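Student: For the sequence shown, counting from 1, position 36 maps to 36 in the numbering used here; every step adds exactly one.
Keep in mind the hints are simulated off the structure, nothing from the lab. Check the hints yourself; a few may be wrong.
DSS-like, lysine-lysine: derived pairs with alpha carbons at most 27 Å apart [as the list claims (entries may be wrong)]:
hint	residue 1	residue 2
1	LYS11	LYS82
2	LYS200	LYS223
3	LYS11	LYS29
4	LYS145	LYS56
5	LYS56	LYS11
6	LYS138	LYS202
7	LYS142	LYS123
8	LYS83	LYS123
9	LYS29	LYS56
10	LYS145	LYS155
11	LYS39	LYS142
12	LYS172	LYS39
13	LYS83	LYS138
14	LYS11	LYS142
15	LYS155	LYS82
The structure displayed is predicted, hence computed values, not measured ones.
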Amino acid sequence: MSTSSAGLAKKAGYTNVRVYLDGEPHWVKDEYPVYASNKFVATGNIVLIDLRSAAKSAAGRIPRSVSIAYDDLEDRIEDIPKKAPIVLYSDNAEEAEDGISDLRYEGFKKVSLVKGNIQGWTKSGGAIEKGPVVTDIKWIRKLGKGEVALASFNKAASGQDAGAIVLDVRTKDEVSGGKFKNAVAIPLDELGSRLSELPKDKKIYVHCTSGARADMAAQELNKNGFKASFLIANVNCEGNDCTVED
């Protein structure tokens with residue numbers, strides 16, 4: 001995806017373009033932090049955790065925050081849904097980075113920070129609310145715009161839905177390790193030149209490894225008159241044995 005994005009940037013006229021080939025997965029593996037956009041913090045389907053004390057949170061916090069002081073984080077791990085995108089913040093950079101490290105160690109895969117913590121949020125004009133804190137986490141997985149439900153995807157992948165096909169947009173190297181038996185495989189960077197291979201009278205459910213490339217592919221297909229949705233999930237295949245973890 002990084003190389004494809006760099007190619008698009010060069011086509012748009014940018015000349016000083018570089019690619020970090022290992023991408024976000026390797027960045028996270030090396031324990032570097034990642035940051036959520038302010039829009040995602042404000043409106044995303046996330047669990048937003050304030051790592052400061054309950055007293056500080058009551059005095060002023062980011063709306064929708066759940067108060068879990070860093071000292072209590074270990075004891076509250078079981079209360080945090082692992083499938084949810086988790087966004088953390090504090091008023092102390094070291095504490096926030098310790099929080100993201102702790103959650104990654106416990107197996108959380110989608111964890112990010114508010115850039116600049118509470119200070120950065122307020123400096124950027126973000127809203128603040130006061131009053132009694134919320135300590136209970138209530139999170140329900142919601143499909144985003146253009147997403148396909150896992151049940152619908154699985155039905156198409158198993159061949160039970162004659163009105164839908166599965167499109168695999170991973171690279172040829174990735175597909176060589178295995179794919180869904182009934183899937184059509186077209187790498188994302190070849191999609192534009194191979195649209196004629198796809199039917200316009202069926203729904204197209206697109207997948208990659210985690211969802212980012214599938215989203216890009218679905219947007220391209222819909223621009224060209226197809227009925228496409230994309231899967232946000234971790235997909236791993238060995239031969240025709242594929243597991244999907246949302």
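Student: Hint by hint, where does the structure go against what was stated? Just the numbers, ascending.
Tutor: 1, 3, 4, 5, 6, 7, 8, 9, 12 and 14
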